[in-house]
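Protein chains in written order, with the working numbering: chain X, 35 to 369; chain B, 12 to 137.
Hints listed in this document are in silico derivations from the structure and should not be mistaken for laboratory results. One or more of the hints may lead you astray.
[What the hints assert, rightly or not] Computed cross-link-like contacts, DSSO-like style, restricted to lysine-lysine with a CA-CA straight-line distance of at most 30 Å:
no., chain 1, residue 1, chain 2, residue 2
1, X, Lys339, B, Lys123
2, B, Lys124, X, Lys250
3, X, Lys250, B, Lys123
4, X, Lys106, B, Lys123
5, X, Lys302, X, Lys250
6, X, Lys348, X, Lys302
7, B, Lys124, X, Lys80
8, X, Lys80, B, Lys123
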Amino acid sequence: MGSCPGVTASCGEHSGRVVEQLTHPFLLFLGLAFGGVGLCLALPRKRVNPQVIGAVLGGLGIGIVLLGMGLKNPEQLPNYNFYIFGIIAAGSALRVITHPRPVYAALYFILTILASCGLYLILSAEFMAFALVIVYAGAILITYLFVIMLATQAPSEDQLESLAEYDVESRSPVVAAVTGFVLLAALTTMFFKGSTTLEAPPAIQPDALLAQMPNKVTPEKVMRSLEREGAVVEGESFVALDPEAGTVTVLGLEGERTVAIPADLGVKNVEAVGFDLLNEHPGSIEIAGVVLLMAMLGATVLSRKQVEFEEEAKLRQSRALSAEGGVFGDKEVRP
Amino acid sequence: MTFGMANLVHTASSTLAQAGFPEPMSTPALAHYLFLSAVLFVIGMVGFVTRRNLIIMFLCTELMFQAAGLALIAFSRFHLHHTGQTFVIFVLTIAAAEAALALALVVLLFRKKDSLSGEEWREMQG
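Looking at chain B on its own, in the form it has when it is part of the complex:
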């Protein structure tokens, strides 16, 4: 068959997917995804509060973005509506912009004090 690769991909995706897209996902399955998303969010939040390395703190914000994206995609699948997936594109955009700015700031701060510790900057209290 000339479409062997396409068939392979199709089989793989149909074993991965819950069902074909028009079949609705059940509420208990949605609850599983929301729970996992909440766990990822809390891990990211705890990491942001406890870690003292500036780079790891920003990695933890990315973890929270991930959790939000997972919840959006799960709801998109639950409601059979694509707007949830579209919003993940905007989440990715904001994450990229945030990473660029945050990392530029980290490089700047590292040049000033030669350390990545967030507590070096505790005199900045606005």
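Chain X extracted, bound-state conformation:
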């Protein structure tokens, strides 16, 4: 690795094994068993529907696992906001798959999105957090809501509270919950006790990125930000910028001296992600554009109504219209 700023205890295993993150594997399996039973109970059923008990059991299971992880390394917990957003995300995800009404399921999915945006913010991915709100909660979910409202039968007058049969009863909940939680147990055991070595790419220092962005650090911009910070006085001029050391060399009356790179010149998250996107994956952007175009064409072709284009059909239609009295239905004009 080499670049390991502020060497801490965690940094030694930064690129190493992800091992032993839980007090005891039994605790993990106990928690997951609780979670599986809870999820199984919470899935919609026709007769008895113990959804609240299921949700409580599921939450208890996840809580046991999180508690076990927290007790193992009490000094290296994630930010406390993780627990708030994590509980909201998992709880509303549970509600997405257990709520019998599709509209409510979609609304709970928006809640899951917003909670994971909070998690992204904790992980210092600001751009992706806001992109997620705009793209997912703003665009994709609205499309879902439109389709739900287009493609659901209107309830008849006498039974406003009717639900479709396929929404009320879920398909083989026991088998699905068991399979799902066996998969979860395998996944979590893999990364709690696994022995794979994580090959980390070299960590990116925000100041090091400045060296590859010459347009961002022109002498005028650097001096302007330095003056705003009060690090230089009138009459000093720019000599060189050293992104590796994080310093700027300026020439003053008493000769050259170095000052720290001003904070507002540092590469922010949006710039860094954009730079990585265009610098490392230029071909992927083109492919993503083609995929989106094809999806748009495909959606248009799939969802259009079948229109009869034959002249015969048009004639028949116009004859039918004139027999009824024209488009506007005024029968007096007809000869």
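Fit chain B to the known structure of chain X by using the hints.
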């Protein structure tokens, strides 16, 4: 101060964030995020298998995309590398394309049988 709003945002983000970006995230914290991501993925998978409404089934695939995105972002933070975040952009692209096609299919299928049940189409066995 003229930069009052910027200061406010900066304070909010520094209380939210673990530390400044150059500080590495510890492995136990990464394990927390991976566990949450796995839970979201399994909830989405179980929902896809059990629910019979076509729209909810596709919502569950979006839930699985979310879980993958969370794992990518957590690893991006862990390795202090931005490629993980870049990949979430592509995940979003694929999710948007998938939603457009899936919903067009759902509308088409609803017009044919007047029902959203996935089991109406059980004769389609390829």
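Structure-based check of all given hints:
1. X:Lys339 - B:Lys123: Holds: Lys339 of chain X and Lys123 of chain B sit about 11 Å apart, inside 30 Å.
2. B:Lys124 - X:Lys250: Answer violated: Lys124 of chain B to Lys250 of chain X is near 59 Å, above 30 Å.
3. X:Lys250 - B:Lys123: 57 Å, violated
4. X:Lys106 - B:Lys123: Between Lys106 of chain X and Lys123 of chain B the Cα gap is close to 56 Å, so the pair fails against 30 Å, i.e. violated.
5. X:Lys302 - X:Lys250: Between Lys302 of chain X and Lys250 of chain X the Cα gap is close to 12 Å, so the pair holds against 30 Å.
6. X:Lys348 - X:Lys302: 61 Å, violated
7. B:Lys124 - X:Lys80: 24 Å, holds
8. X:Lys80 - B:Lys123: Roughly 27 Å separates the two Cα atoms, so the pair holds.
Against the hints set out earlier in the document, violations occur for numbers 2, 3, 4, 6.
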